[in-house]
Structures are given as structure tokens and as C-alpha cells.
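Chains as they are written, first to last, in our numbering: chain G, 2 to 348; chain Z, 2 to 348.
Please keep in mind that the hints were generated in silico from the structure rather than gathered at the bench.
One or more hints might be untrue.
27 angstroms max Cα-Cα, derived DSS-like pairs, lysine-lysine [claimed, not checked]:
id, chain 1, residue 1, chain 2, residue 2
1, G, Lys-191, Z, Lys-316
2, Z, Lys-195, G, Lys-316
3, G, Lys-137, G, Lys-6
4, G, Lys-191, Z, Lys-263
5, Z, Lys-144, Z, Lys-3
6, G, Lys-137, G, Lys-177
7, Z, Lys-3, G, Lys-25
Each chain, written out:
2 protein chains.
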Amino acid sequence: MKTCKVLLLGYGVAGKAFARILNKTHDDILKGKDIDVKVVGITTGSRGSLVYQDGLDLAEATRQLEEDGCFDPKGPYYSKIDSMTAAEMLDYDVLMELTPLNIFTGQPATDHIRAALNRGKHAVSANKGPLAWHYKELRDLAKRNRCGFFFETTVMAGTPTFNMAHHCLQFCEIDKIEGILNATTNYILKEMAKGVPIDTIMKTGRELGFLEADPSMDTEGWDASAKLTVLMNVLMDADLTPDKIDRTGITGVTAEDIAAAKERGNVIKLMCRGTKDADGNVTATVRPEEIPAGDVFAGEDLVAVYSLYTDLMGKLTFLQYGLETTQTGYGVFADLCRVLDFMNGAV
Amino acid sequence: MKTCKVLLLGYGVAGKAFARILNKTHDDILKGKDIDVKVVGITTGSRGSLVYQDGLDLAEATRQLEEDGCFDPKGPYYSKIDSMTAAEMLDYDVLMELTPLNIFTGQPATDHIRAALNRGKHAVSANKGPLAWHYKELRDLAKRNRCGFFFETTVMAGTPTFNMAHHCLQFCEIDKIEGILNATTNYILKEMAKGVPIDTIMKTGRELGFLEADPSMDTEGWDASAKLTVLMNVLMDADLTPDKIDRTGITGVTAEDIAAAKERGNVIKLMCRGTKDADGNVTATVRPEEIPAGDVFAGEDLVAVYSLYTDLMGKLTFLQYGLETTQTGYGVFADLCRVLDFMNGAV
Chain G
2 MKTCKVLLLG YGVAGKAFAR ILNKTHDDIL KGKDIDVKVV GITTGSRGSL
52 VYQDGLDLAE ATRQLEEDGC FDPKGPYYSK IDSMTAAEML DYDVLMELTP
102 LNIFTGQPAT DHIRAALNRG KHAVSANKGP LAWHYKELRD LAKRNRCGFF
152 FETTVMAGTP TFNMAHHCLQ FCEIDKIEGI LNATTNYILK EMAKGVPIDT
202 IMKTGRELGF LEADPSMDTE GWDASAKLTV LMNVLMDADL TPDKIDRTGI
252 TGVTAEDIAA AKERGNVIKL MCRGTKDADG NVTATVRPEE IPAGDVFAGE
302 DLVAVYSLYT DLMGKLTFLQ YGLETTQTGY GVFADLCRVL DFMNGAV
Chain Z
2 MKTCKVLLLG YGVAGKAFAR ILNKTHDDIL KGKDIDVKVV GITTGSRGSL
52 VYQDGLDLAE ATRQLEEDGC FDPKGPYYSK IDSMTAAEML DYDVLMELTP
102 LNIFTGQPAT DHIRAALNRG KHAVSANKGP LAWHYKELRD LAKRNRCGFF
152 FETTVMAGTP TFNMAHHCLQ FCEIDKIEGI LNATTNYILK EMAKGVPIDT
202 IMKTGRELGF LEADPSMDTE GWDASAKLTV LMNVLMDADL TPDKIDRTGI
252 TGVTAEDIAA AKERGNVIKL MCRGTKDADG NVTATVRPEE IPAGDVFAGE
302 DLVAVYSLYT DLMGKLTFLQ YGLETTQTGY GVFADLCRVL DFMNGAV
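Please put together the full structure from these sequences, using the hints given.
See below:
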């Protein structure tokens with residue numbers, strides 16, 4: 002039996018959802034893959050850290066954060082170690098980067114992942130910053146050091162995307178990607194189309210917990226641009242950063258625009274589009290567009306969607322439903338499974 | 002460098018499409034996976050066979066069939082060997098079962114696959130018969146003999162399904178499957194909804210090459226039932242055969258039914274539904290149902306679709322577009338890639 006020692010950097014929504022799934026599946030993993038997965042460290046920015054080589058009790062860690070707001074400083078495994086030091090110093094097999102996103106720099110998440118890969122440790126990132134800004138460097142570093150480097154969650158949570166393309170679209174060329182990649186703006190536009198005033202939408206969204214106090218990363222199209230960047234860099238071998246995307250957010254979209262679109266049988270969606278021509282030139286746009294109301298992309302209950310256009314398999318469309326945080330946790334878990342398969346000899 | 006010797010049983014639409022893709026990707030496979038893929042045998046029912054251990058020229062094999070209607074009996078690699086003897090006697094690493102389907106028995110395809118697996122050879126099946134009737138036996142035989150056994154094409158051609166679930170939905174429980182799995186009836190119902198008379202639809206379908214002279218396997222729901230069986234046996238660990246599905250075809254659907262459904266804002270589709278309850282009891286139906294016109298499943302340009310309902314990832318929906326035979330060939334090719342990864346140590 003092998004052991005896989007996991008270091009979690011960050012323990013927010015994704016981390017806690019991942020912990021629930023890992024607790025539920027631990028014994029099945031042991032049986033199916035002959036690997037004992039142990040979380041040996043959890044770091045947070047301001048709520049303390051936990052370190053224990055024999056494996057932390059994840060349910061207890063979650064309980065402490067939810068009930069006390071921080072890890073118990075008097076607990077036996079409490080530590081003040083910060084994420085960067087943990088990445089550089091602790092003994093682990095896979096680092097899971099779950100710290101808050103800085104969409105304009107990808108830091109300090111990129112440094113965490115670099116530290117892990119430089120030490121020959123596998124890395125999983127739920128954080129799209131490192132992917133949007135430094136994908137090729139990190140990919141090449143992982144390859145040189147024979148490490149796994151996976152990031153399923155960065156686009157549409159656990160919806161099979163990067164892992165799917167790696168395994169199921171081998172040797173396909175992808176020359177076009179279309180998507181609605183930002184769930185928040187999709188929600189806002191849907192509510193606006195129902196006639197709900199924008200202030201009410203924002204208030205409700207904040208109460209439901211998926212709208213930030215400052216939602217401009219979503220409404221200005223930065224989040225969608227970062228996701229389109231990751232999709233295009235990984236799946237089309239593009240060399241983009243989010244600032245190179247031709248980007249228009251939804252802040253200029255008015256209730257009148259939506260009503261006028263409806264008159265024409267259309268709905269307004271924040272569409273992401275990427276293409277690559279035969280010479281390898283890429284174009285990438287994020288902007289509000291009118292979509293026919295009957296189109297798959299216009300679906301009422303849809304959270305997000307992408308279509309890939311390939312040479313060997315034609316067009317493929319994948320839809321995401323449900324804004325459940327468990328899907329984010331599952332994406333991280335799916336990447337852990339890839340690490341475990343990698344440890345067992347998979348490619 | 003390793004070698005992977007491929008035996009193709011059958012060389013119809015799927016075989017020729019696979020051959021085109023393999024010819025195009027052979028050198029990239031060699032570079033990416035360090036395996037030299039060679040087709041060492043092709044058998045057909047009545048058009049002769051070809052056998053050559055150093056690897057056949059696939060473009061030339063296709064040319065002979067298309068121009069002469071059979072392999073050249075005077076050619077250097079011509080053979081009269083039949084599929085069963087080839088499966089039992091030839092030297093190969095992976096058998097690809099591409100012979101015509103017998104939907105009521107799964108034979109002789111099942112015997113071909115048994116022969117390969119019993120000899121410790123990998124097997125790929127584009128033929129859904131063996132999967133619909135003997136999946137668990139073949140799966141267990143492959144496992145005992147440490148062989149790969151893959152069958153992506155059996156449902157929705159190369160659309161990522163079984164390989165996707167294996168790699169990307171690890172440890173998920175699937176308790177519900179919905180799908181429109183038969184492209185032919187989906188086409189017939191769509192044309193009927195446009196007001197095209199059924200005789201014209203059948204004539205056009207035959208001319209376009211996707212309607213059999215006797216289309217009853219499609220119109221009576223047998224093809225859809227076989228596919229639902231495979232999905233449920235593989236993804237839900239059910240123990241079905243096609244005759245156990247509660248099956249109603251589309252032959253009873255009239256233009257009047259379709260018009261009446263339209264009045265209600267609906268379209269008629271041949272829906273496949275499978276569920277598994279908490280006690281492990283399964284129910285499976287294939288029948289014409291009314292679907293709201295705005296539903297994803299009602300899409301005009303859709304060829305086929307499935308939704309999976311999972312415990313950890315919620316609902317996932319995958320859409321197939323384009324009736325291209327290349328997608329069938331790609332599904333077979335995707336399975337070959339899994340065999341190659343298996344040979345390289347993948348799980």
C-alpha cells in the first residue's frame with residue numbers, strides 16, 4: 002500500500018467541499034487504487050494552520066472553522082505556518098492550491114505551485130490565476146520534474162473539461178471554443194430578463210452567497226476572460242493572458258437592451274469565443290451577445306456551457322447545471338484521482 | 002519503442018473511418034506514446050481478408066474495397082481467413098470488433114472478443130451486441146487476464162461517454178440516465194414534425210445512407226434499448242439485457258400526434274430513461290414522449306444527447322452533433338488510445 006500525503010493551501014468553500022468528498026471516498030480509494038490518502042497540512046491566510054503527518058481529521062477541521070471561525074490555537078496540530086513556507090518546507094506528495102484568486106497577477110498561488118513542482122511534488126490548482134498567467138511555464142516545469150499538474154476546477158468546476166480532453170479527445174485539433182463560462186453574469190442577465198431590478202438582483206445574489214461585495218471581476222468580464230484564456234492555452238496551445246482578450250463586460254447591458262433582444266426572439270448572454278486559424282493565429286472575445294432563445298446556450302436552467310469544435314470529432318457541447326459548491330470540491334477531487342492514477346503509472 | 006499489432010474484424014464504415022484517422026495520427030502516436038501501431042490483419046465477411054505482420058497499407062486496403070468491391074485475391078497479403086479463426090490464430094495485441102451487429106444475440110462478435118481476451122489480448126468493440134448481452138462476463142474476463150476492454154463507440158459514436166466516466170467521474174454514483182440515443186428515429190421524428198410524409202423520409206434516409214432497407218431495429222426501439230442497456234450496465238452496474246427494457250418504438254407515432262404535441266408546445270422524441278433506487282432496483286424505458294420545445298433535448302440540430310445524474314457532480318449533459326462517420330471511427334480510435342495508454346501503464 003502506498004500513501005499520498007496531501008497539503009491543502011486554503012480551506013474555504015472548495016477546500017471544505019473537497020474534504021467532505023475525500024472523507025466519503027477514502028476507503029473506496031484505498032480499495033480501488035491501493036493508496037491511503039492523508040491530508041497532512043491545511044494552511045489558511047488568517048485562521049491558522051494545521052499540520053500532522055499521520056493525517057488530519059477533516060471533519061474536525063471543518064467544524065473548528067465553521068463553529069469557531071478559526072482553527073483551535075490550543076489544538077495538538079495547530080501551527081502558524083503560512084502557505085508559502087508550507088509549500089517549501091512540509092513533507093507532502095501533492096499540493097492543492099485553493100487560496101483566494103488574484104486575477105491580475107496569479108500570485109501568490111503561482112509561487113506556491115512553483116515551489117511544489119520544483120521540489121518534485123504534484124500540484125492541483127483550483128485557482129485559475131496561475132493557469133491564466135503562467136500555464137506553459139508550470140506545465141513544462143511539471144513535465145521536466147515528472148510531476149502531475151492538474152486544474153479541472155478552473156473552468157466550470159468539476160464539469161469534465163481538461164481531464165476529459167486529455168483522455169477522450171487525444172490527437173484531436175481544436176480550432177474553435179464557444180462558451181458561457183461565468184455563472185454569476187449568467188444569473189444576473191437571466192434575472193434582468195425576468196424584469197427584476199438590478200439592485201434587487203445584486204442584493205439577492207449577495208444573500209445567496211455567490212455575488213462578491215464587489216462583483217466587478219464578474220460583471221466586467223475578467224473572470225470569463227481568465228477562463229477563456231485557460232481553455233485556449235491548454236486546449237488550443239494558445240499563448241494568451243486575460244488582458245489580451247477583447248473584453249466587454251455586462252455593466253453596459255440595460256433592461257431596455259434585454260427587452261429589445263427579446264422582441265427579436267433573442268436573449269443576451271456573456272459569450273466567450275476563441276478561434277485559431279490554419280496559421281495558428283488566435284482571436285478571443287468576451288462580450289454580451291444576442292443568442293436565439295431556442296439555442297442550447299440560452300437554456301433557462303443552465304449554469305455554464307462550452308462547445309469545442311474539433312477536426313476528428315466535430316462539435317461537442319457540455320452543459321453544467323446546479324451552482325452547488327460540491328461541484329467545485331469534486332473538480333479538485335477529480336484532479337486528486339488523476340494524481341493517484343499518475344502515482345500508479347498512468348499517463 | 003514498443004509495437005502494437007492491431008487486428009481489425011470488419012472493414013465497413015467504422016473500419017475505414019478508423020483507418021483514415023490512424024493513418025493521419027500514426028507518427029504523432031509514435032512520438033507521443035513511443036508505440037508503433039501496425040494493422041496486421043483485416044477480415045471481412047465476404048470480401049476477403051488481408052494479413053501481414055509488418056503492417057498493412059490501410060489506404061491501399063480501402064482503395065481496393067471501394068474500387069473493386071473486395072480485397073485483391075492476387076495481392077501479396079490476401080487471405081481467406083475468417084474473423085473467428087483470425088481472432089483465435091493470428092499474432093496480434095488488440096482485436097477491434099467491427100463486424101455487423103446482431104442485436105438479438107450479440108454473436109458472433111461476442112465469440113471474437115472472448116477468443117481475444119482468453120488469449121490475453123486487448124479488445125475494442127464498436128459492436129454493441131456483446132456489450133448489451135455479455136458485458137459483465139467480458140469485463141471480468143478482461144480483468145482476470147489483465148487486458149484492456151473498451152467500447153466507447155457503442156453509444157453516441159465517439160462522444161466521450163464510457164472513457165469520460167471512467168476517467169472524469171471517478172467514485173461518483175450515477176442513479177439516473179436520460180437520453181435520446183438513436184439518431185435515426187430522432188431524424189425521422191424531426192422530419193415528420195416538418196410535415197414531410199413518412200414515405201419521403203424513408204426514401205431520403207435510404208438515399209443518404211443512414212436508413213437500413215429494414216429500419217425496424219431503429220423504429221421499434223431495439224437500437225435505443227441496446228444502448229440504454231450498455232449505459233446502465235456499465236455506468237450503473239445494472240444487470241439488464243435489451244429484452245428487459247420496457248420498450249415502445251416510434252411506429253405508432255402519427256403526424257397527428259406530432260401536430261397535437263406541437264399545439265401543447267411540445268415535440269415528440271424517443272426518450273431513453275434509466276433509474277436506480279437506493280435499494281439497487283433499476284427501471285428502464287424506451288418510448289416516445291412529449292418534450293417541451295425549449296428543452297435541450299428538443300434541439301433542432303441535435304443528433305443525440307445524454308444526461309447523467311450523479312451524487313457528487315449533480316447533472317451533466319453531453320450533446321452530439323453531426324452524423325459524420327468519422328465520429329464512429331474516432332470512437333474506435335479513442336479506444337485504441339486507451340489500449341496504448343494501458344500498454345504504457347495506465348489504469
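Results of checking the hints against the structure:
Restraint check for Lys-191(G) and Lys-316(Z): satisfied, since their Cα atoms lie roughly 20 angstroms apart, inside the 27 angstroms limit. This hinted pair checks out: Lys-195(Z) and Lys-316(G) have alpha carbons roughly 24 angstroms apart, not beyond 27 angstroms. As the CA atoms of Lys-137(G) and Lys-6(G) are separated by approximately 26 angstroms, the hinted pair is consistent with the 27 angstroms bound. At most 27 angstroms may separate the alpha-carbon atoms for a hinted pair to count; Lys-191(G) and Lys-263(Z) meet this at roughly 26 angstroms.
Of the pairs offered as hints, the one joining Lys-144(Z) and Lys-3(Z) holds, with about 22 angstroms between alpha carbons and a cut-off of 27 angstroms not exceeded. For the hint linking Lys-137(G) to Lys-177(G), the alpha-carbon distance of about 20 angstroms falls within 27 angstroms, and the restraint holds. Distance restraint check for Lys-3(Z) and Lys-25(G): the Cα-Cα separation of roughly 40 angstroms exceeds the 27 angstroms cut-off, and the hinted pair is therefore not satisfied.
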